[in-house]
Amino acid sequence: GAVVSQHPSWVICKSGTSVKIECRSLDFQATTMFWYRQFPKQSLMLMATSNEGSKATYEQGVEKDKFLINHASLTLSTLTVTSAHPEDSSFYICSASLNTDTQYFGPGTRLTVL
Amino acid sequence: EDQVTQSPEALRLQEGESSSLNCSYTVSGLRGLFWYRQDPGKGPEFLFTLYSAGEEKEKERLKATLTKKESFLHITAPKPEDSATYLCAVQVRSGGSNYKLTFGKGTLLTVNP
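If you read the sequences in order, they're chains A and B. Be aware that the first sequence starts at 1350, since it is given in my numbering, and climbs by one per residue. Be aware that the second sequence starts at 7, since it is given in my numbering, and climbs by one per residue.
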């Protein structure tokens, strides 16, 4: 149980384009979903927290107009990186939580911006 | 500011050689401490949650313990398949009814056969 999927697993795009990443909880309804970014040999940094049907709460320093988060249902959240630039290249990981306790993580999406 | 420090950064063991990983934390209002395992290029895999000092949890060759200032992940007779990065995270209130995790940088464990 508690399986979270992400799609795509990797994506390469040109600078200036937008990229959408999907996060799905496959066997449970997630009241809250989280988006993280991880740079090589660094730990996970929380970008934003989203509750179904509500606007996402962004961490300090994360541009909400650049990283658009939509949490339309209890099983799906999307992260759109708008006007991507090479410095946005990173490993993006989502997690989902049934209640306020354990977060279950997806397999991650490797974004490379050329 | 909430801080989580893991040590050592890297640990190399021989198969069967037991050891411990450390996670020290400074937070206001700790709700829980989590241990995750992360393989290269993958998302973290949940291992344990600890909520109060003195609590212990075990899973196969792993045992996690918690005090008021730190947590230990003990690995008994490790096998090569235990090789991974082990992440510690503290859960604190982030506003409203939401809770967020603050992660340490992890300990890269390598177990040689």
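Source of the hints: derived by calculation from the structure; they are not laboratory data. All figures in this text were calculated on a predicted structure; none of them were measured in a lab. You may find that some hints are simply not true.
[What the hints assert, rightly or not] Straight-line alpha carbon distances no greater than 20 Å define the calculated SDA-like cross-link-like pairs of lysine to any residue that follow:
1. A:1415 with A:1390
2. A:1390 with B:89
3. B:111 with A:1434
4. B:111 with A:1386
5. B:75 with B:14
6. A:1415 with A:1447
7. B:65 with A:1404
8. B:48 with A:1357
[What the hints assert, rightly or not] Coverage of chain A stretches by chain B, computed from C-beta distances (three or more under 8 Å per stretch; other residues unrestricted):
9. 1367-1377
10. 1413-1427
11. 1452-1458
For glycine and all other residues, C-beta sits at the position ideal for the given N, C-alpha and C.
Comparing the hints with the structure gives:
1. Using a Cα cut-off of 20 Å, the hinted pair residue 1415 (chain A) and residue 1390 (chain A) is violated, with the two alpha carbons roughly 24 Å apart.
2. Straight-line distance between C-alpha atoms of residue 1390 (chain A) and residue 89 (chain B) comes to about 16 Å, which keeps the hinted pair within the 20 Å bound.
3. Proposed proximity of residue 111 (chain B) and residue 1434 (chain A) is contradicted: the alpha carbons are some 25 Å apart, above 20 Å.
4. For the hint pairing residue 111 (chain B) with residue 1386 (chain A), the CA-to-CA distance comes to about 13 Å; that is within 20 Å, so the pair holds.
5. Of the supplied pair hints, the one linking residue 75 (chain B) and residue 14 (chain B) holds, its CA atoms being roughly 17 Å apart against a limit of 20 Å.
6. At roughly 27 Å between alpha-carbon atoms, residue 1415 (chain A) and residue 1447 (chain A) are farther apart than 20 Å, so this suggested pair is violated.
7. This hinted pair does not check out: residue 65 (chain B) and residue 1404 (chain A) have alpha carbons roughly 38 Å apart, beyond 20 Å.
8. Distance check on the hinted pair: residue 48 (chain B) and residue 1357 (chain A) sit about 13 Å apart at the alpha-carbon level, within 20 Å; holds.
9. Chain B is given as covering the segment 1367-1377 of chain A, and this is violated because 0 residues of the stretch bring a CB closer than 8 Å to a CB of that chain, at least three being needed.
10. Counting residues of the segment 1413-1427 of chain A whose CB falls under 8 Å from any CB of chain B gives 0; the rule of at least 3 is not met.
11. For the segment 1452-1458 of chain A, the assignment as covered by chain B holds, since 6 residues bring a beta-carbon within under 8 Å of that chain's beta-carbons and 3 suffice.
When the structure is compared with the earlier hints, violations turn up for hints 1, 3, 6, 7, 9 and 10 and for no others.
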